[in-house]
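Visitor: Build the complex from these two chains, which are given one at a time in their own frames, with help from the hints.
If you're matching them up, the sequences are chains A and B in order. With our numbering applied, the first sequence corresponds to residues 719 to 1422, in that order. With our numbering applied, the second sequence corresponds to residues 3 to 303, in that order.
Treat the hints as calculated values from the structure; they're not laboratory data. Ideal Cβ positions, reconstructed from N, Cα and C, are used throughout, including at glycine. Please note: incorrect hints may appear among the correct ones.
As the list claims (entries may be wrong) - Chain A is nowhere near these chain B residues, computed Cβ spacing over 12 Å in every case:
1. S12
2. D212
3. E238
As the list claims (entries may be wrong) - In silico BS3-like pairs for lysine-lysine, Cα to Cα no more than 27 Å straight-line:
4. B:K76 <-> A:K830
5. A:K1028 <-> A:K1008
6. B:K168 <-> A:K992
7. A:K734 <-> B:K122
8. A:K730 <-> B:K76
9. B:K217 <-> A:K730
10. A:K1167 <-> A:K1212
11. A:K1297 <-> A:K1212
12. B:K168 <-> B:K131
13. A:K1297 <-> A:K1310
14. A:K1008 <-> B:K217
15. A:K992 <-> B:K76
16. A:K730 <-> B:K134
17. B:K125 <-> B:K97
18. B:K76 <-> A:K831
19. B:K54 <-> A:K820
20. B:K97 <-> A:K730
21. A:K1006 <-> A:K1028
22. B:K148 <-> A:K831
23. B:K217 <-> A:K830
24. A:K1152 <-> A:K1122
25. B:K217 <-> A:K734
26. B:K217 <-> B:K204
27. A:K730 <-> B:K204
28. A:K1212 <-> A:K1281
29. A:K1125 <-> A:K1028
30. B:K122 <-> A:K820
31. A:K1028 <-> A:K1152
32. A:K1298 <-> A:K1389
33. B:K168 <-> A:K730
34. A:K831 <-> A:K734
The lines below spell out each chain.
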Amino acid sequence: MMSKNSFLVNMKENNKRRIWLWILSGLFWFLYYPIGMMMSIGRQQTINEVRGFSEAVAKERILLAAREWLSVASNGGHLVIVSLIAAVCAIQGFSYLYYRQKVDFYHSIPVKKSRRFAVIYLNGILVFLLPYVLNLAVAMAVAGINGAMNRDNVGIALAGLPFTILLFLGNYSLTVIAVMMTGNLVITIFATLIFVLYEPVVYSLLETFRQSFYDYYSYQSANRTFYLSPIGKTMEGIGRAMETSMWTAALPQLLAVAGMTVLFTAIAWFCYWKRPAEAAGKAMAFAKTKSVVKVMLVVPAALGVGCVIKDIIGETPYAMMAFGMVMAVVIGSCVIEVIYEMDIRAAFRKKRQMLIAGVFVAAIFLTFCFDLTGFDRWTPDPAKLEDAVVIFSEDMYQHGYVDKDFKVIDVTEYFLSKPGISDIEAICELSEKKSTEERIWCEVAYRMKSGKVIWRSFSVSEEEDELWNLIMGSREYKEAKCQLYDEEIYAGMKRNRITELIFDTGFREENLPVKDLDEFREAYLKDLQKADYSMLREEFMCGRVSFTVESGPKDRTVSRRFKYDIYPSYANTLAFLEKKGVYDGNYLDAEKVASVSVTNYHSDIYEKMFESMSPEEQLSIGSREYAVTKNFYEEGQIRELLQAVYPSGFDQWWKPEGVIDADYEVIVQYKDGSTHSSYYRGSNDGGLITERIPAWLEKETAYE
Amino acid sequence: MIEVTNISKSFENIQAVDRVSVTVKENTLFGLIGTNGAGKSTVLRMIAGVLKADDGGITIDGIPAFDNIEAKKKVFFIADEPYFFANANAVEMEKYFSTVYEEFHREDFYSYLEKFGLDKKRKVNTFSKGMKKQLALLCGICSGTKYLLCDETFDGLDPVMRQGIKSIFAQEMESRGLTPVIASHNLRELEDICDHVGLLHKGGVLLSKDLEDMKCNIQKIQCVFRTQEDAAKAMEGLEIVKQEERGSLYTLTVRGGREEAVAHFATVDTVFFEALPLSLEEIFISETEVAGYDVKKLILG
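Chain B with its partners taken away, still in its complex shape (with noise of 0.2 Å):
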């Protein structure tokens, strides 16, 4: 488990991060969301070992992370603009990790070379940034570690190639107990595959919740009453986290089970009733505007 405690970290005058807490749990996928700016790359950095917080502590399977070799034995970390030797290939960056990483696995990194169609011979230098992003990634999985950071390593990755990492990290994940951590701007590029994500937002955290505790704890219901005691009966009782009313059709985002807002709304006697599943999107600017955010700005663009 990755704790973040409290951490800090400025940079002469500007503040990256401002006392955030994050816990990232074992084999799950963890997602950290932010705008330009918001401290991701900073949180990561720091969690790779890379730079110290000025405050707070983190600790990787209860080592403490910066400077401690052992635990970066446990993480690899994929930095935004992953770097590779100068005139370096795929087969000599391998030999490097090979000597560094004790348990890189060079049977399985070809054969995914070979699956993601990357030329082994070919300089690194040559292939596109997709293409390199895709490496770094194979590197990091490959590695053994048990923590893969990557830092924006999604984004730009084509539909086919994220697919294909998803169903690799879903592997890893169950034969070896692998935990990414996956640092983004843009939401939509992790919904389909996080467990657990964390919003950052200038240097703080907005929010860290499960995904399926988050869809399971919110539900979107729109529904006719028949009267408007009906409909002040039906509002009693619900946590209401936003209303819409067009004409008679209320729209509400309530939190709680779907069982439990059917029952309570099968007690209220509707003209039309439907419970709606909520996207990670319109769940994230629900959560977030209770905070007074406006998230679409923030994650969205």
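Next up, chain A with everything else stripped away, as it sits in the complex (with noise of 0.2 Å):
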């Protein structure tokens, strides 16, 4: 028999309390899952009709309709729904700390302190775990009727459950605090957006502070982990399922939120505890934590003010920074204390915690504005460097990495995996001529023989061939840029289906047999142990050999390009290519061109009418109005255009500035009629090198 004031009775009572939140969530869930699932399910069907989709097809498109409506991670509002719930669960559960009469009520009655707040935090888990557990199955139960479910959806739904349960446990852990320690609604709610923006908005601050006053701050040094955001840690979670397609591959970042919530419930717990029942209907419970909070809150918002002005301004004012940080400090000092008081009078009160606001302020702007800690002058100590990771723009943009298991990763995060640059001399030189103002920009992770990593991102003139050479020349770099080098790397591609392997020439593309791959790679390797600074500078790439592979099962196929830049003294490559009949010298054959049609911009004319324009006409008139097109039909024009013409598609990364004439565009016209210019098997545009565009070019497009 149930004992009267047995834990299962006091939830039962407690329950009775909350009714209305049961029905409210077991109405949205059924809304949102079994309705929703019926009416996404209801719309495909309509549009595979209209279509008039095969069979095949159709039943496909409805599978993919389900699926979307299942995962947690193609619908971004269901997040933001589940931090609602569990707020409007915490409130609603701990509301009766808001009133005297409540608080007497139910603090004078004998049942244990623990077991009430083990009762209705327990319920107010129950009541959003139960209905949304159940109309899922629902919603999943009406997916299978209509032939909307396979072994993949049930495994989209099921894991869609532990990110929506922890980040629902997680945002209402972390509300019941805010309840705890706050005596009303309207504070609470306040409190609730604070906990959950706080990491955020800070990180962001700090951020924005460290991109505004470094010269040579690099993003890479971002803290992109969040410690205390439940909804954060989720998306990071999900970004990472969906990154490597395994939900597994989120388990740290779930367990973090698991780890949150446990301690968000401790912190709960503690502050129920100490809560004195005075607080009901006070701005915040605890008095003590007043000033803290007051001055954790003032000094962001008046960094934030300061840095709003500093997007509006623009360039460095100070003053007007200063200014409106101090304004914020007052502004936001006096709001919390009205509210703490509910007392406009109050406003100007503990003006201590003002001032305090203020150093920390002054304190923090100072630090940055002057660069209190050496941020921008810092170098590396050579004896304390253990090596060195750099990466260039090119390298993050250009490729894409892989791991062993063929999932897609960052580059930083795969060039970090490798050795760093172990040449100490080189890396502190490139470090001592840092700039803002050069060509070539880098971010480099200086890795500290005690395990630290620093981040700096800076330029470095392009004429300091010598030094880039000793860094772009080194094994370490090209290992870590080529994934080829890697031999765990190469066998993951392998293990997958490679469907194709292409040379492109910039205008056309030939076919290789895949099983040439291997022969490739060690032609490529050994040639690339060659390569350095002033061959990438000073060659013209001559090709770019790419292959495809393919990955996942057969209905969720996802493909990756590899592509591996050719230049003329890649001898080992050109022979293999030469071999296999698809290199000839030439990017295209001339016999096969029809015409070829030069556009040269004229943008010096342009620059110079620009500046006589009046405003309204430097709006209408654009370079276009003194572009001039000439199409060349003679076989003398035509191959002498060809020797000048690079693909548009090839490096021009690490040219001089002027190597390639940003005015003259170039478009071939082939006999066949076939444009070539299908974006899967070649182009048909690109620039002038310089040094080879005819003498009679300029006269035949020059602007009349």
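Guide: Encoded structure:
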């Protein structure tokens, strides 16, 4: 027999006070899942009928529609809704603490504080969990009846459970803390928002200040990990799961949210235990936290105002920023004090707290403003430096990297997983030559012997050939940059389906047998040993070899293309390509070209004219107005132009400025009528190598 | 026994209760009198274990009161504005209290409801203020707790209801030793039901005494003496709390028992002598005036 005052009886009694919340939660999840699923499938069925898809395609589309509805990742609103429900459940459960009458009632009856907390806390979770899980199951059943469930969809639906439940628990416990620390609903809502957003806002402010005040700040050192934000961590986990197509990849993030939940629950219980009954109705439950909370809110708010002023005015409006921040400190402190006391006359009380907040703001502002930490002055101590990872912009944006399991991996993460450049002298020299005004930008991760990684972002002159050769010619850099070096990764690529091996001249693509990939790799890696900065700077690419790898199940294939640039000095690779009959030394065969169209943009004339134009003309007249386009049909002219042409898709990254004349644009028309301009099969446009431009071209395309 | 020893409580900068010591003996009806803001509710909330005293201690039958489930099992607290669940009726309140107070007397509860004419199915939020107080009292009486703390609960109850509650109190006190503690700002509300009274003022206790003791130990004498010498002789050896003269009529408030006073005046030649009973109000006026307070302003409005 159940004891009259047992835990379950307490749970039942507490639930009687929360009936409306049960109804709301049940209704919401019913509309969201089963009804939403029915509507989603119904919409897809209509589309299938209208478009007349075949049975197989129609079924696939319906499966996809159901999958999207069940997936946490493809439904961003889901996370926001779950967070909102968590807040409502937490506030509703403990809202009795706002009212003296209720506090007197509940706290005078013989129920242990710990039990009361546990009962309310647990019921708040059940109010969400039961309707959510039940309706999810019904939605899956609805999808199943409509032929929209398969193993993948079940997997997607079940994979969403830990994300949703842990996100709920994290935000729920965070909101319970907010309730415990405040004495009325409005302040609780503010506190919840602050708890949820504080960490991202502070990170973002620090990031903005670093970017604004430090010349050599690298965004790589930005903190992308949340320690106290359940929603931030959950999104991080979902991102990780999506990247890898495996929800287990998000296990560290899920565990972190679980850890946050435990921590927040412990804090919430501690606050509940310590909360005085007289806090009901007051703004803050604990008098001692008032000043700390005020300073913690005013300082970032003032710094944020400083950022906004800097954004609006630009440059370095220190005086305006300082004025804005002082105003923010004063106004912020006054507003918070008025809220605390619920009395407008209290605005200027507690001036010492205002002063403390002001001192913090000034200290932070001056630290950044005058670089008191010596951030920009820092250069590595050779004795303490282990190695350094150098990543160029080209590496960041031109290549995609995978790990040994063929999962996409962040470029930085990949480079960091490789040995860094061990030529300490070269690295230190590079650091001493750092600037913000040169052409070659790089991100450098200095790996210290202590294990610390220090990032800096800076530019160094492109004229520093010798230094760049040491960096870019180093084996470590090349091994990090080119994944073909890595046996494990290469084996991972080969474990999947390599569907094509292509040589691209920039104007035409030639297929190579996939089985020749090993031979190509061997030749290419041999050539790469000799590659350095001078080669990249001086030589023009003569082609590109790429291969495509398909991974994943057949109905969700993911294709990735890996590209390798070929330069004239890559003798082994060129010999291989010649042997295979795909390389003849030219980008394209002049015999096959019907005409070459050249556009001269005359940017020098445009720039001169632009200065003399009225503001209206400056808006209405573009550079195209001065462009002259000519078509050349004569074989001799075509041959001369083709000698100078450089495919638009080929590397210009390292070339000195002006080597490719930016004024000219070339489009090739082929005799067979094909344009070869299909994205996948080569291009038909390019630029002209300045030193090879025929002398007659300028006259032919002169602006009149 | 409830023992309140030197408790203090302040809310921010306001001292609500200042070193109050009161003892509530078992099976007595204790009245806690005081003006608004005197600290009555705060004292009751501390006894109920809702508020924690800043200083001092409270024990319920030797068990510390604050946050102690064993102490709370012995106490039922009716706040000045009793709380009932939204849209609940008397039955639902009974069901809840039955789960919380293991000795809740359901049968008695429904029987009392009927006697007091309270509809058990009617939503409590449609009850009048007086009806809500009656319901709260009935819940408290039937909870089976030893102590019943009533904060301003009797204020506003009509005389019939007061009488009804008084008789239930008497019955419960006799049958199971119920000890009600009733706080009120109006002495007249309590004088006919209390056994012991504590007077609170500005957070402190002015006095705490047994009503019978107070009544027996203070007498009002009206008399006319034959000569001034007789008057002077009569005053000797008396502890006079208050003395008034209107012509030859003396009105004296003196400490001591009735018999003692009568015997004393028998030795003096008087033209007229009468020993009158004092009302609780008069006793309070006399007692507090001695302490330098004008009690009329404090508790009689």
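Visitor: Evaluate each hint against the coordinates.
Guide: Now the hints, each set against the structure:
1. S12: 10 Å, violated
2. D212: 27 Å, holds
3. E238: E238 (chain B) clear of chain A: closest Cβ-Cβ about 55 Å, beyond 12 Å.
4. B:K76 <-> A:K830: 14 Å, holds
5. A:K1028 <-> A:K1008: Not OK: K1028 (chain A) and K1008 (chain A) at ~30 Å, beyond 27 Å, violated.
6. B:K168 <-> A:K992: Cα-Cα ~39 Å, so violated.
7. A:K734 <-> B:K122: 18 Å, holds
8. A:K730 <-> B:K76: 24 Å, holds
9. B:K217 <-> A:K730: Status violated; Cα separation ~52 Å.
10. A:K1167 <-> A:K1212: 36 Å, violated
11. A:K1297 <-> A:K1212: Holds, at roughly 23 Å.
12. B:K168 <-> B:K131: 19 Å, holds
13. A:K1297 <-> A:K1310: Cα-Cα ~22 Å, so holds.
14. A:K1008 <-> B:K217: Distance of about 52 Å is beyond 27 Å: violated.
15. A:K992 <-> B:K76: 23 Å, holds
16. A:K730 <-> B:K134: 25 Å, holds
17. B:K125 <-> B:K97: 14 Å, holds
18. B:K76 <-> A:K831: With a Cα-Cα distance of about 17 Å, the restraint between K76 (chain B) and K831 (chain A) holds, given a limit of 27 Å.
19. B:K54 <-> A:K820: Measuring from Cα to Cα gives roughly 17 Å; hence the hint holds.
20. B:K97 <-> A:K730: It holds: about 11 Å lies between the C-alpha atoms, which stays within 27 Å.
21. A:K1006 <-> A:K1028: 35 Å, violated
22. B:K148 <-> A:K831: Holds, at roughly 22 Å.
23. B:K217 <-> A:K830: Cα-Cα ~43 Å, so violated.
24. A:K1152 <-> A:K1122: Distance ~35 Å between K1152 (chain A) and K1122 (chain A) Cα, so the pair is violated.
25. B:K217 <-> A:K734: Judged against 27 Å, a Cα distance of about 51 Å means the pair is violated.
26. B:K217 <-> B:K204: 25 Å, holds
27. A:K730 <-> B:K204: 43 Å, violated
28. A:K1212 <-> A:K1281: 15 Å, holds
29. A:K1125 <-> A:K1028: Status violated; Cα separation ~41 Å.
30. B:K122 <-> A:K820: The hint holds at about 22 Å.
31. A:K1028 <-> A:K1152: 26 Å, holds
32. A:K1298 <-> A:K1389: 25 Å, holds
33. B:K168 <-> A:K730: Violated - the C-alpha atoms of K730 (chain A) and K168 (chain B) are around 35 Å apart, more than 27 Å.
34. A:K831 <-> A:K734: 19 Å, holds
In summary, the numbered hints that this structure violates are 1, 5, 6, 9, 10, 14, 21, 23, 24, 25, 27, 29, 33.
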